[in-house]
Amino acid sequence: MPLLSAPEPKSLNVIATELEADVVGDGSFEVSAVAHPVFAQHEATLALAMDKGSYALLGTTHAGAAIVSKGMEIDTARFKGGLIVSDRFRVALAKLTQTFSPPISFADGIHETAVIDPTAHVRDGASIGPLCVVGADAEIGPGAVLLSQVTVAAGSQVGGGSILHPGVRIGENCAIGQGCILHHNASIGADGFGFVTADEGSIERAQRTGEVTAFNYEILRINSLGNVIVGDGVEIGASSCIDRGTLGPTRISDGVKIDNLVQIGHNVAIGENTMIAGGVGIAGSVKIGDRVVIGGNVGIADHKNIGDDSIIAGMAGVISDVEPKSVYVGYPARPLKQTTALEMDKLRTGKALRDLRSLIQRVDRLENEAGERREQSGDVE
Amino acid sequence: MPLLSAPEPKSLNVIATELEADVVGDGSFEVSAVAHPVFAQHEATLALAMDKGSYALLGTTHAGAAIVSKGMEIDTARFKGGLIVSDRFRVALAKLTQTFSPPISFADGIHETAVIDPTAHVRDGASIGPLCVVGADAEIGPGAVLLSQVTVAAGSQVGGGSILHPGVRIGENCAIGQGCILHHNASIGADGFGFVTADEGSIERAQRTGEVTAFNYEILRINSLGNVIVGDGVEIGASSCIDRGTLGPTRISDGVKIDNLVQIGHNVAIGENTMIAGGVGIAGSVKIGDRVVIGGNVGIADHKNIGDDSIIAGMAGVISDVEPKSVYVGYPARPLKQTTALEMDKLRTGKALRDLRSLIQRVDRLENEAGERREQSGDVE
Amino acid sequence: MPLLSAPEPKSLNVIATELEADVVGDGSFEVSAVAHPVFAQHEATLALAMDKGSYALLGTTHAGAAIVSKGMEIDTARFKGGLIVSDRFRVALAKLTQTFSPPISFADGIHETAVIDPTAHVRDGASIGPLCVVGADAEIGPGAVLLSQVTVAAGSQVGGGSILHPGVRIGENCAIGQGCILHHNASIGADGFGFVTADEGSIERAQRTGEVTAFNYEILRINSLGNVIVGDGVEIGASSCIDRGTLGPTRISDGVKIDNLVQIGHNVAIGENTMIAGGVGIAGSVKIGDRVVIGGNVGIADHKNIGDDSIIAGMAGVISDVEPKSVYVGYPARPLKQTTALEMDKLRTGKALRDLRSLIQRVDRLENEAGERREQSGDVE
Chain A
4 MPLLSAPEPK
14 SLNVIATELE
24 ADVVGDGSFE
34 VSAVAHPVFA
44 QHEATLALAM
54 DKGSYALLGT
64 THAGAAIVSK
74 GMEIDTARFK
84 GGLIVSDRFR
94 VALAKLTQTF
104 SPPISFADGI
114 HETAVIDPTA
124 HVRDGASIGP
134 LCVVGADAEI
144 GPGAVLLSQV
154 TVAAGSQVGG
164 GSILHPGVRI
174 GENCAIGQGC
184 ILHHNASIGA
194 DGFGFVTADE
204 GSIERAQRTG
214 EVTAFNYEIL
224 RINSLGNVIV
234 GDGVEIGASS
244 CIDRGTLGPT
254 RISDGVKIDN
264 LVQIGHNVAI
274 GENTMIAGGV
284 GIAGSVKIGD
294 RVVIGGNVGI
304 ADHKNIGDDS
314 IIAGMAGVIS
324 DVEPKSVYVG
334 YPARPLKQTT
344 ALEMDKLRTG
354 KALRDLRSLI
364 QRVDRLENEA
374 GERREQSGDV
384 E
Chain B
4 MPLLSAPEPK
14 SLNVIATELE
24 ADVVGDGSFE
34 VSAVAHPVFA
44 QHEATLALAM
54 DKGSYALLGT
64 THAGAAIVSK
74 GMEIDTARFK
84 GGLIVSDRFR
94 VALAKLTQTF
104 SPPISFADGI
114 HETAVIDPTA
124 HVRDGASIGP
134 LCVVGADAEI
144 GPGAVLLSQV
154 TVAAGSQVGG
164 GSILHPGVRI
174 GENCAIGQGC
184 ILHHNASIGA
194 DGFGFVTADE
204 GSIERAQRTG
214 EVTAFNYEIL
224 RINSLGNVIV
234 GDGVEIGASS
244 CIDRGTLGPT
254 RISDGVKIDN
264 LVQIGHNVAI
274 GENTMIAGGV
284 GIAGSVKIGD
294 RVVIGGNVGI
304 ADHKNIGDDS
314 IIAGMAGVIS
324 DVEPKSVYVG
334 YPARPLKQTT
344 ALEMDKLRTG
354 KALRDLRSLI
364 QRVDRLENEA
374 GERREQSGDV
384 E
Chain C
4 MPLLSAPEPK
14 SLNVIATELE
24 ADVVGDGSFE
34 VSAVAHPVFA
44 QHEATLALAM
54 DKGSYALLGT
64 THAGAAIVSK
74 GMEIDTARFK
84 GGLIVSDRFR
94 VALAKLTQTF
104 SPPISFADGI
114 HETAVIDPTA
124 HVRDGASIGP
134 LCVVGADAEI
144 GPGAVLLSQV
154 TVAAGSQVGG
164 GSILHPGVRI
174 GENCAIGQGC
184 ILHHNASIGA
194 DGFGFVTADE
204 GSIERAQRTG
214 EVTAFNYEIL
224 RINSLGNVIV
234 GDGVEIGASS
244 CIDRGTLGPT
254 RISDGVKIDN
264 LVQIGHNVAI
274 GENTMIAGGV
284 GIAGSVKIGD
294 RVVIGGNVGI
304 ADHKNIGDDS
314 IIAGMAGVIS
324 DVEPKSVYVG
334 YPARPLKQTT
344 ALEMDKLRTG
354 KALRDLRSLI
364 QRVDRLENEA
374 GERREQSGDV
384 E
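Protein chains in written order, with our numbering: chain A, 4 to 384; chain B, 4 to 384; chain C, 4 to 384.
Bound conformation, chain A alone:
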């Protein structure tokens, strides 16, 4: 999570202990920031140089200390402080960026320009920024932060410690868990996209007969009576949209991470720790398991089931169920193994084309010989 207050300086020794890493040189040196070697702005900075590219740039850094990968050549002399040596790049990156995030800028309490309904409950330590709107009977949990120009409509709840960035819209009667982060202009609880025709519509007819012989002259709206329930520790990207359910909730479980510009339709249920990259579109009533990973720009058709721990590669179009613990690719999305088989088929086709050309020559030859033979036999007869 982003820091809500300025990071404390820490010694290299303390940091190394937290990262289960080693220190070379002066471990008492204190830093209050981490940065790429090029972007370090002062000496009390730990330069992150665990890959070769950034390691090569250590020579010109303003940082007074660095963290490098085990096995990299090290010259401690040029640093005022020491070096941290770690063999766990990704974990170090996560922990250090969390420890040394610049804090988010906001004031405590309720800004005078925020419009809070008198029946709303704003809990202790919650912060509501300028020009936010909090509706009737809404509840803002302890330590939650609404940065500015946020909407929390009537009857909705925002859990403790959650951060809502400017322009976030929470529709009526929705629930956001604790420790969530919602980015710029995310939309929770817009109505689902549900329309029907009184009689058989063009799509149903085409699915049944292959022909468009029914016409959607009259469209009936299915109103959305459900809501959206978002668990704890969920992150929702900028301008992403999660629609409310028709009769029950659309559910996003604990720990789900959603990137920007993602569309999640009505009645969808998403399991714990599932990660969804940017631009993904998930149609209505899709059920997604736990720990699924969905790549960028994927589309998933309505009512499909996506198994636990499955991986759907970027740009895939899913129009059938996805098995657990499997990797799906392409459009229509197929298991990677099948796709490999299809690719092999293509290679075989290429080889077959060459085979065919030589085969034609062989048959030409055989026919010529047979013709000669016929002539010879003709002579004989």
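It cannot be assumed that every hint is accurate.
Here are the in silico distance ranges between beta carbons for each label pair [said to hold, decoys possible]:
1. 223/A to 306/C: 16 to 24 Å
2. 106/A to 128/B: 42 to 50 Å
3. 74/C to 7/B: 57 to 65 Å
4. 367/A to 56/C: 51 to 59 Å
5. 223/A to 216/B: 39 to 47 Å
6. 122/C to 12/B: 53 to 61 Å
7. 306/B to 74/C: 36 to 44 Å
8. 338/B to 290/C: 48 to 56 Å
9. 223/B to 290/C: 20 to 28 Å
10. 306/C to 73/B: 57 to 65 Å
In short, the hints are calculated from the structure, not lab data. Glycine included, every Cβ here is placed at the ideal spot set by N, Cα and C.
Start from chain A and add chains B and C according to the hints.
Chains B and C alone, transformed into the frame defined by chain A:
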């Protein structure tokens, strides 16, 4: 449309008459809500149980009445009220969710924090919520609702009874019809994406010659002097964008339904009752007919014509015109029938590969025999 | 750029000089607007009729003058003013729409409802509209316009003459250059989408082994310590999102044009004058060169390099580097030339299928003959 006030209780008899359905048991029982059996919160609720899944959950509902499909086994004894029996699931779903929508929460009149230009016209019964901005000469029709933090820029009109959810942006000089619903952060009337190079640009050169030998060192902007005109009864999803035209309007006809995160470019015209699912991108100057259905994540290239009553399957990429009353799929999008032919071709290719393998063996045999024969004739000669 | 004040009337002679075009008839006639012939509202309008479609509509226009293409048949009698004749349609369109844009409506200075931190710097001639928020130490350059309900968070800069439309969100410590246009609800500086697992995650395992045998039970967040730096003359479409970098900036160079609903991930760098159409998704750490053109709905996988002056066709999915000055199409995106080769392969396959069928007949015949021959030899022996 969402309800603007709380639903009145209705007896099962009255509901059944409206739905052209039958009542079993006590038809005088009154309900004030509909819900999925699991989510019914009080007895005065009609449980919607017209499919097998929800029917099976009727045993534990708190609802005092239910609507079920004709032919389903019914035990009226367990309900305080009676049952409604219908054979038109979708129509019942649409009508009941409309009748029993929870009302939207808003106050009558103009909120004290809204910023309304003195030259704007706010008609009788219109409601303008907190922190909205209405520009010079703009007009808000009778009974229209701007929920909160909405923008209606100078010179724009919002028709009577339309609902604009928080964060909706209407650019200058645009027109929204009557009875429309615009969801969170929808954008109407941003500038079109129009740029040219003074001389032939890289794309034109590549289209003409197949090579990139012209370079876009200088880009000229084509300003958007047109606007956006949206008809009556139109729905526009969260974070969807409709750009203004270059010299004339971008037009969305009556009854069009647009889902979330849809992009509609400058100069586009869309006919009546067309439905567009989430994530669709429609490039500039596309003409779309009446009652077209466009699936999720479809892309349509600029200047294409999409015929009336056509259906474009989700994930398709349209780079040529689409015939009326046809079904298009895939990328590049082709009529479903052609695609079926292409799939047949693939099957034929698979069969041909097997044919080829056996043919090679047959030719091998023929050559062996011919060789033997040659040897034999050699003996003879 | 949109005009910030009403256009001055100009004579046809002056306009023709600016466009390097000719005048037929009364060149002293003044116009104050340009329009499509059908949408001209008064006589002091120059009708744009340089293509055949709009030229054919000149008969009914209210405009008092017109610009037509060289070689088109002209009847000056019906116009009160004269005609401008040009052979550079696109340049005329760009220059005329710029000259005669209707001005944007806004008031000078700082609106009383805007919330400006006392430490923020608002330069001379900047305009800050109703209900905007400008954070601590932020700087709004001379002549910049924040229309309404815009956010410029703490520590961010907006360059002189830039226009931020309603709902634009600039996160903390970001920089927008001079003369930029940001449309409705664009998001600059949301956090990057960076998560890792402490040990090998499901994707890394699957990439290494082809099997999902590692499970993402614990996810660590990589915080975004970097920012977004946007150059001069950049345009960013409605609801587009540019995420901040992890340790350094995400960079958008001068002159870049980005359409609506585009996602640009953390650490991305985009070169000068690159144009990106609607719905494109660019994953983290992608490097894009100068003057690249990216069509609608394209996806680009993380860490890829896109060469200068390359063109990526709409709907393409890029999963490998793109060569400079090349055209890429399809999924996975390949050079157009290769794709043409693949299409040729398909044609060859079709021909081969026909070849195969005739070859089977020829082998049938050969086998029959060989059989007869064997029988004959059998007779002989």
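A quick look at each hint next to the structure:
1. Taking the beta carbon of each, residue 223/A and residue 306/C are about 48 Å apart, not inside 16 to 24 Å as hinted.
2. A beta carbon spacing of about 47 Å between residue 106/A and residue 128/B agrees with the range 42 to 50 Å that was offered as a hint.
3. Checked against the hint of 57 to 65 Å, the pair residue 74/C and residue 7/B passes, with Cβ atoms roughly 59 Å apart.
4. Distance hint check: the CB atoms of residue 367/A and residue 56/C are about 57 Å apart, consistent with the given range 51 to 59 Å.
5. The given range of 39 to 47 Å is broken by residue 223/A and residue 216/B, whose C-beta atoms sit roughly 55 Å from each other.
6. Our hint of 53 to 61 Å for residue 122/C and residue 12/B holds, since their Cβ atoms are close to 57 Å apart.
7. At about 23 Å, the beta-carbon gap between residue 306/B and residue 74/C misses the expected band of 36 to 44 Å.
8. For residue 338/B and residue 290/C, the Cβ-Cβ distance of about 40 Å falls outside the hinted range of 48 to 56 Å, so the restraint is violated.
9. For residue 223/B and residue 290/C, the Cβ-Cβ distance of about 27 Å falls inside the hinted range of 20 to 28 Å, so the restraint holds.
10. In this structure, residue 306/C and residue 73/B meet the distance hint of 57 to 65 Å, their C-beta atoms being roughly 58 Å apart.
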